[in-house]
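Visitor: The primary structure of each chain is shown beneath.
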Amino acid sequence: AQSVAQPEDQVNVAEGNPLTVKCTYSVSGNPYLFWYVQYPNRGLQFLLKYITGDNLVKGSYGFEAEFNKSQTSFHLKKPSALVSDSALYFCAVRERTGGFKTIFGAGTRLFVKA
Amino acid sequence: DTEVTQTPKHLVMGMTNKKSLKCEQHMGHRAMYWYKQKAKKPPELMFVYSYEKLSINESVPSRFSPECPNSSLLNLHLHALQPEDSALYLCASSQNEGDNQPQHFGDGTRLSIL
Chain A
3 AQSVAQPEDQ
13 VNVAEGNPLT
23 VKCTYSVSGN
33 PYLFWYVQYP
43 NRGLQFLLKY
53 ITGDNLVKGS
63 YGFEAEFNKS
73 QTSFHLKKPS
83 ALVSDSALYF
93 CAVRERTGGF
103 KTIFGAGTRL
113 FVKA
Chain B
732 DTEVTQTPKH
742 LVMGMTNKKS
752 LKCEQHMGHR
762 AMYWYKQKAK
772 KPPELMFVYS
782 YEKLSINESV
792 PSRFSPECPN
802 SSLLNLHLHA
812 LQPEDSALYL
822 CASSQNEGDN
832 QPQHFGDGTR
842 LSIL
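Protein sequences, first through last, are from chains A and B. If you're matching positions, the first sequence starts at 3 in our numbering and goes up one per residue. If you're matching positions, the second sequence starts at 732 in our numbering and goes up one per residue.
In case anyone wonders, no lab produced these hints; they're calculated from the structure. A hint or two may mislead.
Residues on chain A that point at chain B, a partial pick, calculated with CB under 10 Å [stated by the list, open to error]: (1) 6; (2) 40; (3) 46; (4) 96; (5) 104; (6) 105.
Below, computed lysine-lysine pairings styled on DSS-like, alpha-carbon distance capped at 30 Å [as the list claims (entries may be wrong)]: (7) A:79 x B:771; (8) A:115 x A:60; (9) B:772 x A:79; (10) A:51 x B:750; (11) A:103 x B:749; (12) A:103 x B:784; (13) A:79 x B:750; (14) B:750 x B:769; (15) A:71 x B:771.
Some chain A residues flagged as far from chain B (calculated, every beta-carbon gap over 12 Å) [said to hold, decoys possible]: (16) 3; (17) 11; (18) 85; (19) 109.
Bear in mind that the values here come from a model prediction, so they are computed numbers and not experimental data. Glycine is no exception: its CB is placed at the ideal position from the N, C-alpha and C atoms.
Put together the whole structure using the sequences plus the hints.
Guide: This is how it looks when you write it as structure tokens:
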């Protein structure tokens, strides 16, 4: 069965420190990979995606993600966290062929302490 | 401001009422989606429309009835809902169903069933 795992319900970091939010997936083929962020009382906002090419993808608000094919992982990173980064983060995958559904991970709540 | 507009933002209805949720986008996207999201959980796909035709129905109860009057509008008609249907209902759009482009989400309608 296809699945996306975000092993941490919550990640706590201090402002200014680097952050990592983990994502692994079990999807056939080479899926498209996405990260979304959701602030309270808002919809999901697209952060970045991996389609092909360089394993390090840069996105919005200083976020980047590292794709690792052998580990089927797509971890979200930021060199220096801000308090305003505190939100709910979702990893998502979609199959390249016939993949009309986007599969979301359970979400990871990021808390950045001042 | 989000590019996908959902109305109303909040809706309280009784179990015997009939109401509709509306979604509008003017990005020229040809795929539109309805999701249901419970608190601190990932979005659950309900329906997908592609080129104004229903493409996916994720076995949603018939008390939810989607409609796509044109390429910019998506409605969700509600009738005889149950208390467990209380949730945030998100609309999203993308350029085409199944491609490598991200989905754009509205801020949702928060629905409460009395």
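Visitor: List, from low to high, the hint numbers that the structure doesn't satisfy.
Guide: 10, 13, 17, 19
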